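> Chains as they are written, first to last, in the working numbering: chain A, 1 to 522; chain B, 1 to 469.
No wet-lab data here; the hints were simulated from the structure.
This structure is a prediction, so every number in the text was calculated from the model and none was measured.
Think of the CB as a built atom: it goes at the ideal place given N, C-alpha and C, for glycine as much as any other residue.
One should not assume that every hint holds.
[To be verified] Which chain B residues face chain A? A few, computed with CB under 10 Å, are given here:
1. Leu5
2. Ile65
3. Asp70
4. Val91
5. Leu105
6. Trp109
7. Asn119
8. Leu329
9. Met330
10. Gly341
11. Gln366
12. Ala384
13. Lys385
14. Asp420
[Said to hold, decoys possible] EDC-like, lysine to aspartate or glutamate: derived pairs with alpha carbons at most 16 Å apart:
15. Lys179(A) <-> Glu224(A)
16. Lys20(B) <-> Glu34(B)
17. Lys179(A) <-> Glu189(B)
18. Lys493(A) <-> Glu320(B)
19. Lys271(A) <-> Glu33(B)
20. Lys271(A) <-> Asp48(B)
21. Lys513(A) <-> Glu501(A)
22. Lys493(A) <-> Glu316(B)
23. Lys271(A) <-> Glu34(B)
24. Lys3(B) <-> Asp48(B)
25. Lys271(A) <-> Asp50(B)
26. Lys493(A) <-> Glu322(B)
27. Lys3(B) <-> Glu33(B)
28. Lys6(A) <-> Glu457(A)
29. Lys271(A) <-> Glu42(B)
30. Lys386(A) <-> Glu475(A)
31. Lys513(A) <-> Glu300(B)
32. Lys386(A) <-> Glu412(A)
33. Lys493(A) <-> Glu318(B)
34. Lys20(B) <-> Glu457(A)
35. Lys245(A) <-> Glu41(B)
36. Lys271(A) <-> Glu41(B)
37. Lys381(A) <-> Asp458(A)
38. Lys513(A) <-> Glu316(B)
39. Lys212(B) <-> Asp200(B)
40. Lys179(A) <-> Glu187(B)
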Amino acid sequence: MSNSVKLRRFQAPIWDEPVIMDMSVPGRRGLHMPRAEDAIIDTVGALEDLLPEGLRREQAPELPEMSEPDVLRHYLHLSQETLGMMGISLFGTCTMKYNPRVSERLAARPELAQLHPDQHPDTMQGMLEIVHRFDGLLRSLSGMDQFVFQAAGGADAAYLHTCVTRAYHAARGELGQRKQIITSIQSHPCSPATADAAGFEVINLNLGEKGYPSIEALKAAVSERTAALMINNPDDMGIYNPEIKEWVRIVHEAGGLCFYDHANFNGVMTKIRARELGFDACMFMLHKTFGAPKGGGGPAVGAYGCVDRLVPYLPGPIVDREGERFTLRDPGEHSIGKVREYMGNLQQVMKAYAWARAMGIDGLSDAADISVILNNYMEPKLLAIKGVTRSHPDIPGWRLEMTRYSLEQLFEDTGISVADVQNRMVDYGIDAFWMAHEPWIVPHPFTPETGEMWSLEDVDYWIAVLAKVCEEAYENPDLLRSAPHNQAIAKVKMDGLEDPERWAMTWRAWNRKRAALRARAA
Amino acid sequence: MNKALDRAHPYMPNSMQSTKASLLESLGVSSVEELYQQIPEEHRVRSDFDFPPALSSEVELERHIGDLLDRNQPCGRNLSFLGGGIWQHYVPAVCQEIMGRSEFLTPVWGTPSSDHGRNQAWFEFNSQLGELLGVELVGMPVYSWGCAVGHALRMAARMTGRRRVILPRLLDPERRQVIDNYCEPPEMESHLEVLEVEHDPATGAIDSASLKAMLDDSVAAVYVESPSYLGDIETGLEALAAACHAVGAEFIVGVDPISLGVLKAPGDCGADIIVGSTQPLGIPMSCGGGLGGFIASRDEPRYAYEYPTLMLSATETEREGEIGFSMALMHQCSYGSREDGKDWTGNSTYLHAIAGAVYLSLMGPQGMREIGELILQRAHYAAAKLSAVSGVRVPRPRGFFKEFVVNFDDTGKPVAEINDALRERGIYGGIDLSRRFPELGQSALYCVTEIHTQADIDRLVDAVKEVCA
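Given the sequences, and given the hints that come with them, work out the whole structure.
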């Protein structure tokens, strides 16, 4: 197919926008509050008397004083100084996809935006029905018996699983003994991190020669101390562990639970079901696979589903259907309680439901196919670029929706790092690629994922930019070392970020520390 | 097996049959099935999916979802006095406009140069929040207030090497359940033992004598809130802080940022770690989806090194005089160090931080003072008017911010019944406290904010009179 690509001219907007505190003009106003009605003032008396003595704020906070249009324009400028998928983003492991704007319009309706979670269930039947219906769709896709949406992200769903694991073993009187959670070094960092935060000991399995840990490694790790397995499949390299059913059997036999982190669901949607592989629980990320927006890092949803025997441990409330009415049920004494207040980011659940309905089951199947086709379409073109290699080059065959590549060769030849390449690609309007989660299995990794949103022209364009940048690395490496050149700001200096005298998480800290450094230098 | 789409899907530019066919041809395979060769046949789904028909037409989709949403009866259409852990505050139109910008709404992560604008907006939120709180170190937001408390307690435990924490007994039940998970069950070696301290029922303040009696060098942290769950402003923060510090414990204070235009900054009251909700700052409730939390402290390495959050720092760029932003201390978060990192982080509520930056920029110091004063006035008006209703009492008629307890014992009617009757009149009464806190009798937690006019409050009072008569 195709595909000669002519690279466009690109220049990011540069507004040189000051930090907003420096735009303040005393006396300007951006929003008025109403004045209290006369009868209110007459009734409650002087303001000073409404606050306990000594607790009134004497020194006004140094917030900016701005007019409304100036605030609007400042943040519009900042939005323009954000590449933010205006170009092409093949950010692997995150499944960049289209977020239908009709869902934003729906979410802004007062019938959703102005719901309080403690309203009587009778006054939010529509919301509860959406939750119930979407629960049904995810059950169908996974085979699980019940989904809950309280977890506010994928990592929170992993954490929820560690809480469920504790409750399950505690109810059986085995928590004192089962303190180990097994995962692989290719799992998302949130699996070992949440296991550790929940009080478990983490066992990380190394990869075997087939690109996934061997059965022997698993067997060596499993014991009567095993609480759970937390695993993704395929992993971030697009490698599917074909022995996963046997893994689940082995862990179950030892008395552990099996949790399927479905972060990489896009390439296997409608192709496999977690339940049919034997898993007890799974997690879908609605802000990734199911078309809800990522918001640059949330609000997100980790939809957690499980089989019947784990339902008593779920956080509540659970949405039930009783005839034509939707009700809220407390899961009972074994419930883990909550991992976050209320039922979850339900506006995102609505968006995911809308997306799934718009796609339909055939659309989901098609999306998986397109994701896998495009990923494999990219491979020979990427490997044709001088300096690019693939992880596990000896493992033959098609990968799923992602493949892990390496710029190690490029680095050895030119001294140009994967971060330099990333910084140069943004000069062409290409959003940063994902490198790899820790630990890096190949040096200078990068992990593109096309998903189903990007057109063939976009994918060809992305490849052409990478080819161009790699060519530049060989011809003019300094161009990359000093990149970016066409972006909102120049390359940032990282050297002060670990230094207590220089890091500055607020503008006040920045001003104070800069002044101190200047004074010391003088 | 699933059926082929009969027309290209609007969300998928490559879904034409011709495109897929030529792509497959370029790969040298006859069917997409060949590309799934890694997955054993016995793993593949062979049964049908119970899925309703696709609504690929936006016309039908919006109608379908809209019809479902129309079955909700939101606050706003009704008169609501619900608060507790999420509150009905006004959301300025500019917040919504900026939150909806595609550059902020849809992406995930870029480089510090290509995502400069977003990083600056986040930094401006953290900076403005720091101004309100009176501290210089603010982490990137977390999921919620409860999650922020949980992380803060664990920070304190790591800092002190102690495993006992003290919480107010009267705490938002939702928040408390979240905190309990973070403290881990007793079977775990890293379990944090939770002790509960009482409030003085007369003032609503923490019973400082009881607290002092509980304090010793086994206590990692004391957590208190101002305003408390029941709405009362904590009058003894500085004394409580001193008592904590005397035994080497960390003093963690939860605050409602919308109160801080009129209330003294917690950083000036001896708080070591400050937590709270970002939701009041320009985020709609969305049935609980508006939550967000923050963790902040003095800018000291001892604290900085224990944050589980991402930490966004200002820094210089290669261009003289230019400021950029990048993540600091990445090695200590779970992305950097997996299980060896501090707790965990992940997708959070960062879009809300951008709305919060817009909100605080619009409000400025004057707006924050005005909103604080208005809420104080209207909430106290509501308390005064309600307490004048026969059989209705407001046990603490002064000293609260936007929420207060209303007791209905002398009406002889349970709160549940009163709220049902109010609901029939288009009014959502305050949260029923009687089930979780039976010692408060038939009490409800009423929330009044800047959105409630005098007429709204008078309407509530008239309805309460009628219902309780």
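> Could you work out which earlier hints the structure fails to respect and list their numbers in ascending sequence?
No hint contradicted; all consistent.
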